Amino acid sequence: MRRNGTGSQTLDRDAVGFWQLTYQSISLIAPAGAMAATLTGAAVYAQGALPLAMLAGVITAGLMINTTLQFAKSIASAGGFYSYIAQGLGSRWAIYGAFLFLISYFNILTNATVFVGGVFLPGVLRHFLGIAAPGWLWWPVTLLFYGVVLLLALKGIRPSLRYAVWTGTAEIIVLFILSILLIVDSPHPVTWQVLNPLWAKGGLSGFGHGVLIAMFAVSGSSAAVALGEETRSPQKRIRQAVIAAFLFSSVLFLLMAYALTVAWGYTRMGSFARSLVPGAILVQEVLHSTTLAWLILLLIANSMLAGSLAPLLSCARMIFALGRDGVVFPERFGRTDARRNPSLALIATTIAAAAVSLAAGFWLGPFHGYILLITLSSLGLFLGHIVANCALGPFSRRTGRSHWLLHWVIPGTATLLIAAAMILTLVPPSPRLALAPLFILLCLGIVGWRLRRTPQEKIAAAGQFNVIDDISPPPL
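All residue numbers for the sequence shown refer to our numbering, where the first residue is 53 and numbers rise by one.
No wet-lab data here; the hints were simulated from the structure. Bear in mind that the values here come from a model prediction, so they are computed numbers and not experimental data. Mixed in with the good hints there might be a few duds.
Computed spacing ranges between beta-carbons, pair by pair [said to hold, decoys possible]:
#1 Leu195 <-> Thr342: 23 to 33 Å
#2 Leu195 <-> Thr221: 28 to 38 Å
#3 Ile475 <-> Ile183: 40 to 50 Å
Yeah, the Cβ is synthetic: ideal placement off N, Cα and C, and Gly gets one too.
Go ahead and model the full structure; you've got the sequences and the hints to work with.
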């Protein structure tokens, strides 16, 4: 079904092409930022088995994007997975699924900003300038970072993605070259020891947590779906962009994980995360170049900026889609400004994210707050993908295009692998990490409370907006 939005409920149609879509996904993945943040988070648990954890994460993420590719043939909207789930499992499931993805995108933003202010900047000042940052410095830096990200987002989708394309290309080239140099100059450039999961902290449980964060590192390739309404030929371009972003990021992340581990030393990876800026330290100490180390630091800072902008764009568009449908969020969130930008959703998301970042940082300290937020984001993302995987089979059967492998076996296998990684992460339970699933349950409870106060006709129509003509099944 195709429904054309009018006036203030329409985004900027045909504003985005292949490269902009691809770099929306790559920016959300944020390769240089991930080297400093996500890979460091994975290394806290996987330690010397980081390359194996990344390989397992890449394989699972590769199975996950099949669901995106299959849905993207027929559905495109600002809701992304919200619309996908609606067409497979119905609108009520879609609203809950949308919130799982919202939790993930929202907390990519929150953990990145806490990391910049509370982990990255103090590490740079301490190691490279010999300055001990005052304990309070992280929170004004975090707020300043939010202000810059919001200003970029409010300029509109075209300039935001133009910035991502140019800086992202430079980032990928430099990281690829530096990873090769680190491997060549390391004491043991070729070793199979990094494929032993027992190097992980806590054995298989720590390895499972490392895999979960590694999966999270490369799962951003599906972020392009949030720009469905703003894309030229979305049924073709979105699929191409998702595949390209996944391939670029997977190859680079496998290379970086291996390079960082062998350069640091797989037996010494317990100290990797504690160094705060390990990638830049390695460049300085292994390649003996302070200039290259500062280049890496600049790339990381820029990557964290682009990597915060991308989830803000995705998050605001999903809120826009829910607001337009009149479910959970007030309908005013489903309106756009003169630039066809969901500015109210962008501003509200930024304010809420800043509050959560500060709360986590003050409560647990910036580093542990960052670890909690990245775990929360990864759990939200993978629970959302499980729901989307479950929606693909029913959708394909109703459209008469069902294929046993693409629509049933692959999404089912991906779901089992995701579930296994989450179980290994949460068992045995950690009091601090248990906060993540509790927060998700609280959010879903609030959604259920809101839906009880929403007219049934609005719920039934939720998630049905689609800019592609050829979708055949009626709403459930």
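Against the structure, the hints come out as follows:
A hinted range of 23 to 33 Å for the beta carbons of Leu195 and Thr342 is consistent with their spacing of about 30 Å. Checked against the hint of 28 to 38 Å, the pair Leu195 and Thr221 passes, with Cβ atoms roughly 30 Å apart. Taking 40 to 50 Å as the suggested C-beta distance range, the pair Ile475 and Ile183 conforms, at roughly 43 Å.
When held up to the earlier numbered hints, the structure conflicts with none and fits them all.
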